[in-house]
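Chain F with the ligand: place on chain G using the hints.
So the sequences go chain by chain: G and F. Going by the UniProt record's numbering, the first sequence opens with residue 1, and the numbers climb by one from there. Going by the UniProt record's numbering, the second sequence opens with residue 1, and the numbers climb by one from there.
Hints listed in this document are in silico derivations from the structure and should not be mistaken for laboratory results. Among these hints, one or two may not hold up.
Taking lysine-lysine and the DSS-like style, the derived pairs with C-alpha atoms no more than 30 Å apart in a straight line are [stated by the list, open to error]:
id	chain 1	residue 1	chain 2	residue 2
1	G	LYS329	F	LYS27
2	G	LYS329	F	LYS47
3	F	LYS47	F	LYS27
4	G	LYS234	F	LYS29
5	F	LYS27	G	LYS234
6	F	LYS29	G	LYS329
7	F	LYS30	G	LYS234
8	F	LYS47	G	LYS234
9	G	LYS234	F	LYS56
Have a look at the derived ranges for each label pair, beta carbon to beta carbon [claimed, not checked]:
id	chain 1	residue 1	chain 2	residue 2	range
10	F	GLY58	G	VAL232	17 to 23 Å
11	G	ASP117	F	THR9	26 to 32 Å
12	F	THR9	G	ARG113	22 to 28 Å
13	F	ASP32	G	ARG82	29 to 35 Å
For every residue, glycine included, the Cβ atom is placed at its ideal position computed from N, Cα and C.
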Amino acid sequence: MTQRIVIVGAGTGGSVLANRLADRLAPDIDAGDVEVTLVNESEMHVYKPIWLYVAFGKRDPEDGVRPVVDLVDPRVSLRFSRVEAIDAEEKRLALNGGDTLAYDYLVLATGARIVPDEVPGLQEAGHDFYSEEGAIALRDALADFTEGHLVLSVVGTPHMCPAAPLEFVFMADDWLRERGIRDQVDITYTYPIQRVHGKPTIAEWAAPRMDARDIRAETFFNVETVDAEAGVLKSLEGEELAYDLLVTIPPHDGVPMIREAGLGDDGWVAVDRTTLEATHADDVFALGDAADVPAPKAGSAAHYQASVVADRLTSLVHGQVPTATYDGKVVCFLEAGMDEATFVSFDYTHEPQLRPESRPVHWAKLAYNESYWLTARGLL
Amino acid sequence: MSTLTPDVTVDSRGAGCPGPLMDLIGKVKKADPGTVIELQTSDTGSKDDVPEWLDKAGHELLEIVEHDDYWSIYVRTTG
Ligand SMILES: Cc1cc2nc3c(=O)[nH]c(=O)nc-3n(C[C@H](O)[C@H](O)[C@H](O)COP(=O)(O)OP(=O)(O)OC[C@H]3O[C@@H](n4cnc5c(N)ncnc54)[C@H](O)[C@@H]3O)c2cc1C
Numbered sequence: 001m002t003q004r005i006v007i008v009g010a011g012t013g014g015s016v017l018a019n020r021l022a023d024r025l026a027p028d029i030d031a032g033d034v035e036v037t038l039v040n041e042s043e044m045h046v047y048k049p050i051w052l053y054v055a056f057g058k059r060d061p062e063d064g065v066r067p068v069v070d071l072v073d074p075r076v077s078l079r080f081s082r083v084e085a086i087d088a089e090e091k092r093l094a095l096n097g098g099d100t101l102a103y104d105y106l107v108l109a110t111g112a113r114i115v116p117d118e119v120p121g122l123q124e125a126g127h128d129f130y131s132e133e134g135a136i137a138l139r140d141a142l143a144d145f146t147e148g149h150l151v152l153s154v155v156g157t158p159h160m161c162p163a164a165p166l167e168f169v170f171m172a173d174d175w176l177r178e179r180g181i182r183d184q185v186d187i188t189y190t191y192p193i194q195r196v197h198g199k200p201t202i203a204e205w206a207a208p209r210m211d212a213r214d215i216r217a218e219t220f221f222n223v224e225t226v227d228a229e230a231g232v233l234k235s236l237e238g239e240e241l242a243y244d245l246l247v248t249i250p251p252h253d254g255v256p257m258i259r260e261a262g263l264g265d266d267g268w269v270a271v272d273r274t275t276l277e278a279t280h281a282d283d284v285f286a287l288g289d290a291a292d293v294p295a296p297k298a299g300s301a302a303h304y305q306a307s308v309v310a311d312r313l314t315s316l317v318h319g320q321v322p323t324a325t326y327d328g329k330v331v332c333f334l335e336a337g338m339d340e341a342t343f344v345s346f347d348y349t350h351e352p353q354l355r356p357e358s359r360p361v362h363w364a365k366l367a368y369n370e371s372y373w374l375t376a377r378g379l380l
Numbered sequence: 001m002s003t004l005t006p007d008v009t010v011d012s013r014g015a016g017c018p019g020p021l022m023d024l025i026g027k028v029k030k031a032d033p034g035t036v037i038e039l040q041t042s043d044t045g046s047k048d049d050v051p052e053w054l055d056k057a058g059h060e061l062l063e064i065v066e067h068d069d070y071w072s073i074y075v076r077t078t079g
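Isolated chain G (complex conformation):
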């Protein structure tokens, strides 16, 4: 009997996983003993980190888009369809258009989506760089913005790439200086907890740099509503903040079918943090942004998790006991302006250590953006 592995989502995690499996299981796939199917709603793979640069007019949105078929090993069967529902009891998926797809092992790599509607007024009032349309609209708004109060507000927790909001304000500060209009613009950064980032060491690195650059920080600020007409943010803690240009990190959610299938109440799949196996179903894994683990929703976390799931699935289809585990590892670059960056690596047990920012690390981040396509192919 052929063992069927189905991966839903051909983003960073799903693509790396599909390629790793094609590599590890090549003889089994060639012999017809194992079948790996990758299902994605669109024919395109999207590299979201590009949007940060799109907002400042430094990259084009198309730079972050490639056909899935160009990135994935031909041993993997591709299905371009939206998965509408998961039946974890019967082990099958309902696809858009009425087809069903049966599996022996299922991996959910469906990522995160932004849900600005959850905060009244946010959709009308705020810009974001967390979607292609958002980044394009923000690029135009920023180009037109020559004076006033720029507010970057982190509304949603958890959200993709915890570093990106800090990167945005440091880049905006530099970018406005380069344009000679920094003294006409006030910048405020708001964050839900009492420091400027979830990780204390990152907050300790960022806070003095924000002070030095005259970027004001409002902490313990959880946006509850936005008054688009008046240009005012209102927080859960009872405070108000007026803005001229609002950029937000909107609330995030997983895909609704995860909740509907009983796999996780919050939209994220409940999993064991080390094995990435679903808590509420057998033979189901989740990785990347879709998985509810105490690691950041970052491409590098998805990448490391994909390797672990590939190893565990390889053991399972070979009738061996899986031993590979995920230790929470993540590596993130952090832009400190338009031409300097630092980077951090940490895991479930080690806190990040920050090195002073430098130009070479900034170039390394840009180089990584270029070589990302090798990552997605499973080569890096």
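Just chain F with the ligand now, with coordinates in the frame of chain G:
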């Protein structure tokens, strides 16, 4: 052991970015008033961070229970 039975348990053990307090705030935002939430955290900082935020945002701290390698912080949301 606590005698409280939480409606929701948030497992944030193993530190994790964006941090246990942010996990809790995410849950509080979506919860109905009166919901009892247990936040499990192994991050020592949470023992100060969480009460400070609850105070500012006006939610109730019910109890902090120490386990071998983590704490359970029980919270009741208000309207
Ligand atoms: C502005 C920005 C900057 C970022 N910068 C960085 C960075 O510098 N470093 C870093 O590590 N990370 C960064 N990230 C985060 C990174 O992009 C994500 O963590 C990463 O893409 C997660 O990979 P994933 O495979 O879990 O999900 P995704 O890459 O989002 O892929 C999910 C895929 O699933 C598909 N899908 C969803 N639902 C269905 C369905 N029902 N049926 C079929 N297909 C479905 C989607 O179409 C998509 O192709 C950034 C994110 C943003 C928004």
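Going down the list of hints, with the structure as the test:
1. G:LYS329 with F:LYS27: holds, 25 Å
2. G:LYS329 with F:LYS47: Satisfied, since the Cα-Cα distance of roughly 25 Å is no more than 30 Å.
3. F:LYS47 with F:LYS27: Judged against 30 Å, a Cα distance of about 18 Å means the pair holds.
4. G:LYS234 with F:LYS29: holds, 14 Å
5. F:LYS27 with G:LYS234: It holds: about 19 Å lies between the C-alpha atoms, which stays within 30 Å.
6. F:LYS29 with G:LYS329: With Cα atoms ~29 Å apart, LYS29 of chain F and LYS329 of chain G stay inside 30 Å; holds.
7. F:LYS30 with G:LYS234: The given pair, whose Cα atoms are some 17 Å apart, holds under the 30 Å limit.
8. F:LYS47 with G:LYS234: Holds, because 27 Å separates the two Cα atoms, which is no more than 30 Å.
9. G:LYS234 with F:LYS56: Given pair LYS234 of chain G, LYS56 of chain F holds - Cα atoms ~14 Å apart, limit 30 Å.
10. F:GLY58 with G:VAL232: 17 to 23 Å: For GLY58 of chain F and VAL232 of chain G the Cβ distance comes to about 20 Å; the hint holds.
11. G:ASP117 with F:THR9: 26 to 32 Å: Holds - the Cβ-Cβ distance for ASP117 of chain G and THR9 of chain F, about 27 Å, lies within 26 to 32 Å.
12. F:THR9 with G:ARG113: 22 to 28 Å: holds, 25 Å
13. F:ASP32 with G:ARG82: 29 to 35 Å: holds, 32 Å
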